[in-house]
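S.K.: Spelled out, the chains give:
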Amino acid sequence: MQVTLQKAFVKIDKEQCKGCTLCIETCPVDVLKISDRFNSRGYHYTEYVGDGCTGCGVCFYACPEPGAITVYKRGAIVDEEVLSEA
Amino acid sequence: MPKQLMKGNEAVVRGAILAGCRAFFGYPITPASEIAEAAALLMPEVGGVFIQAESEVAAINMLFGAASGGVRAMTASSSPGISLMQEGVSYAAGAELPMVIVDVMRGGPGLGNIAPEQGDYYQVVKGGGHGNYKVIVLAPNSVQEMCDLTYLAFDLAEKYRNPVYVLADGFIGQMVEPVEFPEPKLPQIDKTWCVDGTAETRHNLITSIYLAPEELEQHNLRLKEKYDRIKREEVRYEAYKVDDAELVLVGYGIVSRILKSVVDIMRGDGYKVGLLRPITLFPFPDEKIREIAKTAQVFLVVELSTGQMVDDVKLALNGMREVKFYGRCGGMVPSAEEIIEQVKSIFEELEKEIEHQK
Amino acid sequence: MATTILKKPSTFYEVFTRKPDADKINTHYCPGCGHGKLHKLIAEAIEDLGIQDRVIIINPVGCSVFLYYYFDTGHIQVAHGRAPAVATGIKRVHPHSIVISYQGDGDLAAIGGNEILHAANRGEHITVFFVNNAIYGMTGGQMAPTTLPGMKTTTTPRGRDIHNEGYPLKMAELIATLEAPVYVERVALTDAKNMAKARKAVRKAIQIQVEGKGFAFVEALSACPTGWGMNPPDAERWINEVMTKYFPLGVFKDISDKVEPVKFERKILTPEDIKKAIGIDGGEITQVKKYQRNTVAEKYKNPKIKIAGFGGQGILLLGLVLTQAGMLEEYHVSWLPSYGPEMRGGTANCHVNISETEIASPLVSIPTVLIVMNRPSLEKFERTVKPGGIIFYDNSLIDIEPSRKDVEVVAVPATKIADDLGSTKVANMVMIGAYIGYTGILTKESVFDALDMMVKRKEFNELNRRAVEAGMKFVM
Ligand SMILES: Cc1ncc(C[n+]2csc(CCOP(=O)(O)OP(=O)(O)O)c2C)c(N)n1
Ligand code: SF4
Ligand code: SF4
Ligand code: SF4
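Going down the list, the sequences are from chains A, B and C. Just so we're aligned, residue 1 is where the first sequence starts under UniProt numbering, counting upward by one. Just so we're aligned, residue 1 is where the second sequence starts under UniProt numbering, counting upward by one. Just so we're aligned, residue 1 is where the third sequence starts under UniProt numbering, counting upward by one.
It cannot be assumed that every hint is accurate.
[Said to hold, decoys possible] When the alpha-carbon atoms are kept at most 20 Å apart in a straight line, the in silico EDC-like pairs for lysine to aspartate or glutamate are as follows: (1) B:Lys324 x B:Glu349; (2) C:Lys425 x C:Glu469; (3) B:Lys344 x B:Glu355; (4) B:Lys3 x C:Asp273; (5) C:Lys289 x B:Glu180; (6) A:Lys14 x C:Asp23; (7) B:Lys3 x C:Asp452; (8) B:Lys185 x C:Asp281; (9) B:Lys324 x B:Glu338; (10) C:Lys276 x B:Glu45; (11) C:Lys19 x B:Glu215.
Rather than coming from a laboratory, the hints here were simulated on the basis of the structure.
Turn these sequences into a full structure, and let the hints steer you where they fit.
M.R.: Structure (structure tokens):
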């Protein structure tokens with residue numbers, strides 16, 4: 001089932017994150033934080049605090065890794081599972 | 001088609017275009033410049049590309065680019081320019097790109113002079129760049145062969161996906177003789193490996209990197225297999241009156257023409273002299289040399305150098321027969337008469353030895 | 001509709017199967033490396049422009065040597081610094097392809113300085129992305145041409161000393177001074193504002209190529225946290241605060257709305273067209289005509305001719321005309337010149353063979369015929385003439401006589417005869433006339449036709465012919 005998002009959110013694939021913190025640094029509303037856990041390659045990874053993302057997209061361009069960050073803006077049409085992962 | 005009088009360097013470009021070559025990248029240098037000049041004139045006429053590069057380094061890399069596109073492409077230079085191209089040739093051999101390089105040799109080392117020499121044998125036949133690689137080397141000795149061997153070079157380059165040299169000297173390049181031209185081939189592109197900016201070739205990669213040692217070893221071994229196949233299948237030579245020859249002259253390029261005169265003159269005087277002319281310098285006609293050695297007693301290698309190809313003759317014979325050398329260099333070219341003297345003195349020595357053994 | 005999801009651009013491979021290590025989803029770059037940020041902008045632009053099939057990326061030597069792991073496009077991996085030359089080669093033979101040269105500062109500004117300048121100056125239709133991280137990343141942090149004064153690197157352990165290493169090279173400024181480049185901008189791969197500008201610049205630089213407008217160059221100030229020994233946020237701040245002082249951001253040149261797009265068209269030729277285009281279709285030259293040979297006295301048959309004189313006397317042409325005429329009469333022929341600076345002002349000579357049988361050596365060391373048109377040539381070559389041979393010399397210029405008694409000697413006042421005809425220049429033609437008239441080796445008819453073929457400027461035909469005839473008349 002597909003749904004239209006009512007609010008933006010950001011998804012970070014922890015296995016593709018190298019913990020460089022550039023996204024955290026750049027987020028204007030400060031909703032990203034570094035985890036104290038490690039991913040399988042030994043990096044502290046970044047997490048979304050779960051609320052407050054405006055979907056501005058600047059973290060996406062700040063991130064050097066091709067697929068670490070996906071930003072879903074308000075109004076995006078996505079599969080339900082995507083939402084549930086968020 | 002009627003024969004046409006033409007300069008060697010100009011015949012090269014005709015041979016190339018007839019073989020379907022549509023791109024030339026070069027940098028002027030005597031005595032090879034007429035090749036670039038003819039290409040500048042003719043390439044645009046056949047829908048091809050000509051660029052005068054900023055250096056030989058750039059020229060060989062432009063050639064690398066065009067060759068990556070599966071287009072028949074070439075460059076031409078002379079000794080110092082070839083030195084600069086060696087990096088690119090190594091990359092092309094590693095990436096297995098077909099390309100044709102014409103070297104119209106001049107005198108060295110350093111700036112040397114612009115007179116004919118054969119001092120590039122080592123740097124061309126033995127590699128010159130880094131790594132385990134081989135290039136096919138064709139050595140024309142007439143204007144007709146400047147055309148024909150360039151024409152052939154493109155087929156060989158593509159067949160083996162490997163750089164092929166046409167190794168000439170200042171004389172062959174500047175000489176004018178009648179030429180009969182082969183039939184034109186139309187350009188074709190093999191999309192299985194090249195990149196040409198289409199969906200079919202999007203997944204192709206031209207590279208010489210193999211980061212993992214195991215992989216690079218495998219790559220080298222595969223290349224070696226290819227070179228071995230070339231050795232088996234592509235040896236070309238001209239053997240002239242060698243069957244009953246006691247002394248066999250060995251020479252390539254312009255030297256072989258002089259040696260042929262020597263054979264004709266000396267046969268007239270009753271000397272049993274023959275000539276072996278390698279047409280491919282790699283692959284070298286080792287086997288033919290060993291076969292001739294069954295009957296011939298001594299070999300005289302003549303080069304416009306202080307002795308380079310002579311090493312390969314010695315390696316081929318591996319001590320089976322005596323190998324003598326006579327060379328001139330710096331642009332000095334031996335006359336037939338000069339070589340005849342050498343041959344006569346070798347025959348005298350031989351007789352003395354035979355006397356001695358009695 | 002504006003994009004509502006920002007995700008990994010489809011230009012990237014889903015899985016990086018070309019990567020040799022076990023990890024096939026992450027790049028090989030260090031955390032916070034600017035290369036990855038630029039990759040993403042390029043990948044996105046390619047996706048949005050819908051040109052993925054057409055793109056060929058030139059992979060340099062440097063940390064970005066493995067671009068082919070990531071981009072699902074055509075790739076050529078090349079030697080250090082040579083990317084612009086390779087890009088030139090592939091773009092010229094496949095103008096429809098979109099060629100992107102991606103290079104570091106060592107690659108582009110040091111070892112490849114010549115290649116980039118000339119590709120830019122030719123206005124190659126390529127897009128160049130230049131990653132300026134002020135250091136050699138791949139080889140472990142040595143000085144780059146863009147290393148800032150005072151900056152410590154492994155090869156400037158005391159800091160870059162401008163008296164020893166010179167100043168950092170400002171490539172964008174340098175390229176922008178050239179006539180051909182269409183678009184030159186410097187951006188910084190740092191904060192949100194700079195990334196937005198960089199994103200626009202990347203698109204524009206590729207768009208210019210798609211539109212056939214010419215050379216576009218984007219220099220990107222890029223973090224190398226590892227080489228600089230900084231954490232990624234500090235590295236980006238350092239770019240903004242320190243690097244941009246030396247390397248100011250902005251557009252240095254943009255003539256993209258002024259240049260006319262180039263349409264690339266390919267000529268398609270038939271085999272007959274090709275022969276015609278390269279002048280081997282026969283053209284005016286036809287072998288249809290049969291030439292009657294003269295009967296030639298035995299001693300003049302199969303001449304090995306050496307011709308010598310000053311440069312400018314038409315020595316080489318003299319030989320070529322004999323060679324061409326010989327060929328028309330279906331002899332075997334060859335012509336070999338002395339070449340190079342010798343021809344410019346000094347002496348010139350050439351060797352000609354005209355033979356009933358195949359010619360072994362084209363070199364004439366012992367001529368049977370010597371034609372000399374100045375004194376030094378006579379002095380130099382007289383002794384080489386074969387006993388029983390023949391010497392033709394221009395006695396209007398040579399004030400000595402040949403001393404050999406075992407050869408025939410023919411004195412021809414060629415220059416004087418030529419002068420009387422109205423042009424000193426045709427002395428060489430007088431010599432031809434004298435030689436063929438005396439020996440009968442070639443007919444006047446074949447020589448005249450050879451002249452028509454060899455002499456491009458037709459207004460000389462008449463005079464040349466009269467000169468040949470005057471030479472013949474003189475000896476007969
Ligand atoms: C002919 C040659 N010389 C030297 C090298 C070694 N080398 C590899 S990468 C490199 C410098 C790369 O620096 P840069 O272009 O700035 O790229 P970065 O790694 O910083 O991205 C050098 C000197 C080489 N591969 N080839
Ligand atoms: S999209 Fe904007 S607001 Fe949302 S996490 Fe990224 S930077 Fe922060
Ligand atoms: S920018 Fe990317 S790699 Fe760096 S911490 Fe954020 S998500 Fe991870
Ligand atoms: S060394 Fe520097 S340029 Fe290379 S990957 Fe690491 S951060 Fe990037």
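S.K.: Against this structure, judge whether each hint is valid.
M.R.: Checked hints:
Among the hinted pairs, Lys324 (chain B) with Glu349 (chain B) is consistent with the structure: their alpha-carbon atoms are about 12 Å apart, no more than 20 Å. Distance check on the hinted pair: Lys425 (chain C) and Glu469 (chain C) sit about 15 Å apart at the alpha-carbon level, within 20 Å; holds. At roughly 16 Å between alpha-carbon atoms, Lys344 (chain B) and Glu355 (chain B) fall within 20 Å of each other, so this suggested pair holds. Restraint check for Lys3 (chain B) and Asp273 (chain C): the C-alpha separation of about 19 Å stays at or below 20 Å, so the hint holds.
At most 20 Å may separate the alpha-carbon atoms for a hinted pair to count; Lys289 (chain C) and Glu180 (chain B) meet this at roughly 18 Å. Distance restraint check for Lys14 (chain A) and Asp23 (chain C): the Cα-Cα separation of roughly 14 Å lies within the 20 Å cut-off, and the hinted pair is therefore satisfied. The hinted pair formed by Lys3 (chain B) and Asp452 (chain C) meets the criterion: a straight-line CA distance of about 17 Å does not exceed 20 Å. Using a Cα cut-off of 20 Å, the hinted pair Lys185 (chain B) and Asp281 (chain C) holds, with the two alpha carbons roughly 15 Å apart.
For the given pair, Lys324 (chain B) sits about 15 Å from Glu338 (chain B) by alpha-carbon distance, which is consistent with the 20 Å threshold. Distance restraint check for Lys276 (chain C) and Glu45 (chain B): the Cα-Cα separation of roughly 10 Å lies within the 20 Å cut-off, and the hinted pair is therefore satisfied. Between the alpha carbons of Lys19 (chain C) and Glu215 (chain B) the distance comes to roughly 13 Å, so the proposed pair stays at or under 20 Å and holds.
The structure shown violates none of the earlier numbered hints.
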